[in-house]
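Chains as they are written, first to last, in our numbering: chain A, 1 to 270; chain B, 1 to 267.
One thing to keep in mind: the hints can contain errors.
[Unchecked claim] Derived contacts from chain B toward chain A, CB cut-off under 8 angstroms, selection only:
{"hint": "1", "residue": "S34"}
{"hint": "2", "residue": "L83"}
{"hint": "3", "residue": "L98"}
{"hint": "4", "residue": "V102"}
[Said to hold, decoys possible] For the chain B half of the interface with chain A, some residues (derived, Cβ under 8 angstroms), not all of them:
{"hint": "5", "residue": "F45"}
{"hint": "6", "residue": "V49"}
{"hint": "7", "residue": "L72"}
{"hint": "8", "residue": "A87"}
{"hint": "9", "residue": "L90"}
{"hint": "10", "residue": "Y93"}
{"hint": "11", "residue": "W100"}
{"hint": "12", "residue": "G203"}
{"hint": "13", "residue": "I223"}
Hints were generated in silico from the structure; no laboratory data involved. All residues carry an ideal CB built from backbone N, CA and C; glycine is no exception.
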Amino acid sequence: MDPALSRNGAWVLRGFFALVVVFLYAPIVILLIFSFNNSAVPSFPLSGFTLHWYHEFLVNGDLRAALATSAIIAALTSVGAVALGVLASIALVRSRFRGKALVSALLLSPLVIPYVVFGISLLLLFHTLGVSNGIPTVVIGHIVITLPYTILVLVPRLEQLDPALGEAAYDLGAGRLRTFWAITLPLILPAILSAFLIAFTTSFDEYAVASFVIGTRATFPIYLYSALRFPSQLPQVIAVAVVVLVVSLTVIVAAEVGRRWAERRVSLEV
Amino acid sequence: MFFVLPIVIVALYSFNVYSLFPGPHGFTFDAWRSFVHNHIYIRLFWKSVKMSLIVSAIIVALAYPLAYYLALSGTKRKYILLLLLIAPFLTSYLLRVLAWKVILGDQGVINSFLFWTGLRSPEHPLSQLLYSRFAVMLVLGYIWLPFVALPIFVSLESLDKRLLEAASDLGASRLRAFWAVTLPLSLPGVIAAFFFVFIPTLGEFVTPSLVGGTTGYMYGNQIVDLFGAGFPDWETGSVLALFLIIVVAVLTIVFSRFLQPQQVATD
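This is chain B alone, in the form it adopts within the complex (with noise of 0.2 angstroms):
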């Protein structure tokens, strides 16, 4: 009840049923309109949409040898390894921002030691590591990497292992069963582990704002920004907000024949 009445409440937002201004006022499509026709929400959110693609494919291509080399390779400490692997997931997230922001900055970590080694002159910092795109990105690839490997896992692990020896008999090559029968038999785990992780970048806003700067901006600054201090809109931010809710809920219906979260959450 708590979940659903919020998101209605929104949605009368969005058609100026309730207002954050008192007065008299009525139904309209007006927000919607100007959403549509403005053209600066819709290309933040292209620009979201593609920052998060990019950070979950990338991760997703990292995680899964990984996933790959915990569940097949027949180490007897996997789950020793998968619990090393995931424990910063499980630790606070705002810490570990945190960390990259003292890594990253013009007098962090990495400036300082290059300025120590005499590497880089002082007057000229990498300024690009810390508020950028490609800060943003590193940080939330940084913060996910371990929970991506997890639906991956799950889904290598419950693979019979004979049916690669029945390749391998049959004469295919490694590579060959690899492409034949192992990655189609993960997929589900790997667009699971995809989608857990593009569904909450994209409506990111704690990381963008400590370390993105104004290129690394997104679309939740933007939500976040009609309800904040200042100017706020609440009927426009409702929009936004309505809008996102409606992507996310249909990418959840198209993804959720892949999805089975028990096995995501129970290892």
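If we strip away everything but chain A, and leave its shape as in the complex, we get (with noise of 0.2 angstroms):
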């Protein structure tokens, strides 16, 4: 007998669960159903099939600049994030010294804080600098962001690694430096990849705090925000966001099944 559930009670779990994930993506159905309908107005009845707003969208050239400029941000975001977040990752996990619990507790305090807040205070903060708003501002904020979930997922792959490895390396005559490129980083780079792919993808969908530190140009996600205001953009609108949220669905599969795959293979060889 199984003392967790009985069978009766496996069977409803899995009917309730079957629900929800239905619930979870009947929306993004929808929305896949109504980007393909010859209709202005995105109702029933449909009215029948179309490309019409998928070219509409690739010809719209403001939303391809919002794309792009969130992409410029987005890249250059995950790569200072990730940047910081190893290094502040290698001294959580493999240094000792005074106020540690501090310092982390602050490099994490970004994930509790409301967006909006943050937002403002950047807002301000720049205002009093006399800083004017634009790219760099925005990847500023995201970085602050980004940086918490980085060092999430890299502490606890660093504090798998076996620290006699390192020590061996050095032994043999290694650098730091040296040490560094040839066994942490390739044993730690699964890790990276994940936390370079939570930083991009945060960052690329960040409304919050690029809303108010952006100054005039548009990003990605606040593109959308004002498009959602004017009905007669809805339907290629609805478009761009099939293509979106296909294309990060898909990378986030892949990406899961990357690591695992990565993880497991490099645990094999050490």
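Since each chain sits alone in its own frame, please combine them into the complex, following the hints.
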């Protein structure tokens, strides 16, 4: 007898699970259906198949510019956040120093701050310093937001590593830097890739902070937010939404599968 | 540094040391005093607290059986199913709000479906669906539900199953074992889950501004509006923002003994 779950109980829970998954994916499927619907208003009955809305957004220059801006910001953010995240994680795992608990609490605190508050705080800071808003200011904000996620991914991986490996390399005459490049980095590479991906997607999708410090340009979420107020743009926004959702779901699944595969391989080698 | 410094600046604004408008000014408590005496803001804050509490409680209650099923039913595919559950959370936030806007509107998917099938006449759409407190809470719940399952799953997954076998050997029914063993041991995960939804929804402004209308207006919207176009009042806005941070900080300290962020993030 299974002490956790009776046969009927498992059946009920399985049904409930399926129901919730339907609830979670139904809105996405509805978007998919209406992105091909030949009508300016997304409503029933469906009025025919069209690729018009996809064509429409492909030739929309503002939208493409917004996507490019977001891609640049996300790329800079993820590189910065991962670089800082690796340094911070190694410091947190490998060394003991005074105030370590305080430092790690501070590094992780952006996880709980409401983004609206952080956004206006940055706005006031840059205003006070006289820095003009633009891509660099958004990147700074996004690095602060995404840094804790990179640390949370990297620290557990670093903790799994046997410190003896590094010591062995060191004993064999490798310098600290060489040890890092030859031993530590390859071993934590899968975690670095996940951290990079998390930072990239978070930044690409972030609206609240960006809206305060972007100035006059538009990132993709900012473009979406304003487009949501004009019904005439709705169908092509739905088409973009479908593309972005499908791409991101694919990347998420691929990354997860890849990470499990890579970590299994690394742990077998070691 | 880029995290602490901005908040200090907000604090200075709230005491009028800095100001949007040029001219002489000094350290005052005026903005704080009017915040405390102005019941509009406090009442709005309570309304947001209530909305966040309801959303968090409902989705934690919904997520618990999901996590329980994944962690304890012994299914072979639990990591695939977990990924299936979490994946929507990792996709674009705004686009998921957009989906609900399309679904709930007066001319939206639900209403037009009802007209089409004749269940309701086009003159009388279900107009409470969009631009209401209900819409805000539904969308927030939809957005956070997958995420909430994660910490609960982790705490149930790390539960030693032998404890349940022992309880059952000692004659406890499954229900009794659940109340006496499983639930108490998974409580840290439940509390962490609750906290991780409650905090961000409390400061939420994007969802209410897109689907909330006037009745779904939340504290976060008020902060944004005080900093926005129209009649900016950075001083009062800073007070509101700082008040929110203080509440969040106190909650974080109270809850921190239940929070093990590394556990939450690794899986």
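Status of the hints after comparison with the structure:
{"no.": "1", "hint": "S34", "verdict": "19 angstroms, violated"}
{"no.": "2", "hint": "L83", "verdict": "6 angstroms, holds"}
{"no.": "3", "hint": "L98", "verdict": "6 angstroms, holds"}
{"no.": "4", "hint": "V102", "verdict": "5 angstroms, holds"}
{"no.": "5", "hint": "F45", "verdict": "12 angstroms, violated"}
{"no.": "6", "hint": "V49", "verdict": "13 angstroms, violated"}
{"no.": "7", "hint": "L72", "verdict": "4 angstroms, holds"}
{"no.": "8", "hint": "A87", "verdict": "5 angstroms, holds"}
{"no.": "9", "hint": "L90", "verdict": "5 angstroms, holds"}
{"no.": "10", "hint": "Y93", "verdict": "6 angstroms, holds"}
{"no.": "11", "hint": "W100", "verdict": "6 angstroms, holds"}
{"no.": "12", "hint": "G203", "verdict": "2 angstroms, holds"}
{"no.": "13", "hint": "I223", "verdict": "6 angstroms, holds"}
When the structure is compared with the earlier hints, violations turn up for hints 1, 5, 6 and for no others.
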